[in-house]
Each structure stands twice: as C-alpha cells, then as structure tokens.
Amino acid sequence: MNRKLTLSLDETTIAHAKRYAERHQRSLSEMVESYFRYLTGTKPAKRRRENTRRGIVAELGGMVSVPDSVHVKAEYRRYRAEKTIHG
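The sequence shown begins at 125 in my numbering and counts up one residue at a time.
Derived from the structure by calculation, the hints contain no laboratory data.
Idealized CB from N, CA, C, for every residue including glycine.
Incorrect hints may have been included.
Taking CB as the label site, the calculated pair distances span [said to hold, decoys possible]:
| no. | residue 1 | residue 2 | range |
| --- | --- | --- | --- |
| 1 | H210 | T137 | 39 to 47 Å |
| 2 | R147 | V181 | 15 to 23 Å |
| 3 | I209 | L152 | 37 to 45 Å |
| 4 | I209 | M125 | 48 to 56 Å |
| 5 | V181 | D134 | 30 to 38 Å |
| 6 | S158 | S189 | 32 to 40 Å |
| 7 | H148 | R204 | 23 to 31 Å |
| 8 | K142 | I209 | 38 to 46 Å |
| 9 | H148 | V194 | 31 to 39 Å |
| 10 | V156 | S193 | 45 to 53 Å |
| 11 | R127 | T208 | 48 to 56 Å |
Once the Cα atoms are required to be at most 30 Å apart in a straight line, the calculated DSSO-like pairs of lysine-lysine come out as [stated by the list, open to error]:
| no. | residue 1 | residue 2 |
| --- | --- | --- |
| 12 | K142 | K128 |
| 13 | K128 | K167 |
| 14 | K197 | K207 |
Please put together the full structure from these sequences, using the hints given.
Structure follows, in structure tokens:
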C-alpha cells in the first residue's frame, strides 16, 4: 500500500532529480523508494508490469506484422553483420 510522503529539498536538487527521472523514464517516487530500499536493505514489492521497460516492450510486441516470407532472425543477423562492417 502506498502512502504520501512530503519532503523538503533544495530547489536545484529537485530540478536535477526531475531531469534525471525524465531521462531514465522513472518517477521521483520510484527513485526515492528505490534509494530508501537500498539504504535499508529491503526487497522491493512486486512492481506493476506496465511501469517497467520490460512491460512497455511487451505491450509493443505484436504491433508490427511481418510477412511469413521474412525470416526475422536471419534479417537481424544480416543487419548486425552490416552494422559491424560499416560501423
């Protein structure tokens, strides 16, 4: 169960934290909770899947249909080989 917590922090620190959170696609609450769990050595509760990157990727899966004639793994290997050769 989540509860509200009010913190008083320096304005600059808050601004930096917000930018960091946005760049890493996390909320400030997630970051603070993660840090508190790190400090106290407690395990995180099970996260809701839709809030994780893995969950977002899972939601995107199946949005693009590929014709049966395309061998996805072979195409990916070809792409990686070209990328390695051409930088």
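Hint check:
1. The hinted range of 39 to 47 Å is satisfied by H210 and T137, whose Cβ atoms lie roughly 44 Å apart.
2. In this structure, R147 and V181 meet the distance hint of 15 to 23 Å, their C-beta atoms being roughly 18 Å apart.
3. Look at I209 against L152: about 43 Å separates their beta carbons, and that is inside 37 to 45 Å.
4. I209 and M125 have their C-beta atoms about 54 Å apart, which keeps the hinted 48 to 56 Å range intact.
5. Checked against the hint of 30 to 38 Å, the pair V181 and D134 passes, with Cβ atoms roughly 36 Å apart.
6. The supplied range of 32 to 40 Å is met by S158 and S189, whose beta-carbon atoms lie about 37 Å from each other.
7. Range check, H148 to R204: Cβ separation about 26 Å, and the 23 to 31 Å hint holds.
8. At about 41 Å, the beta-carbon gap between K142 and I209 stays in the expected band of 38 to 46 Å.
9. Range check, H148 to V194: Cβ separation about 34 Å, and the 31 to 39 Å hint holds.
10. About 50 Å separates the C-beta atoms of V156 and S193, a value consistent with the hinted range of 45 to 53 Å.
11. At about 51 Å, the beta-carbon gap between R127 and T208 stays in the expected band of 48 to 56 Å.
12. The hinted pair formed by K142 and K128 meets the criterion: a straight-line CA distance of about 18 Å does not exceed 30 Å.
13. Our distance criterion of 30 Å between C-alpha atoms is met by K128 and K167, whose separation comes to about 20 Å.
14. Taken as a hint, the K197 and K207 pair is honoured in the structure, with Cα atoms around 15 Å apart against an allowance of 30 Å.
Consistency with the previously given hints is maintained throughout, with no hint failing.
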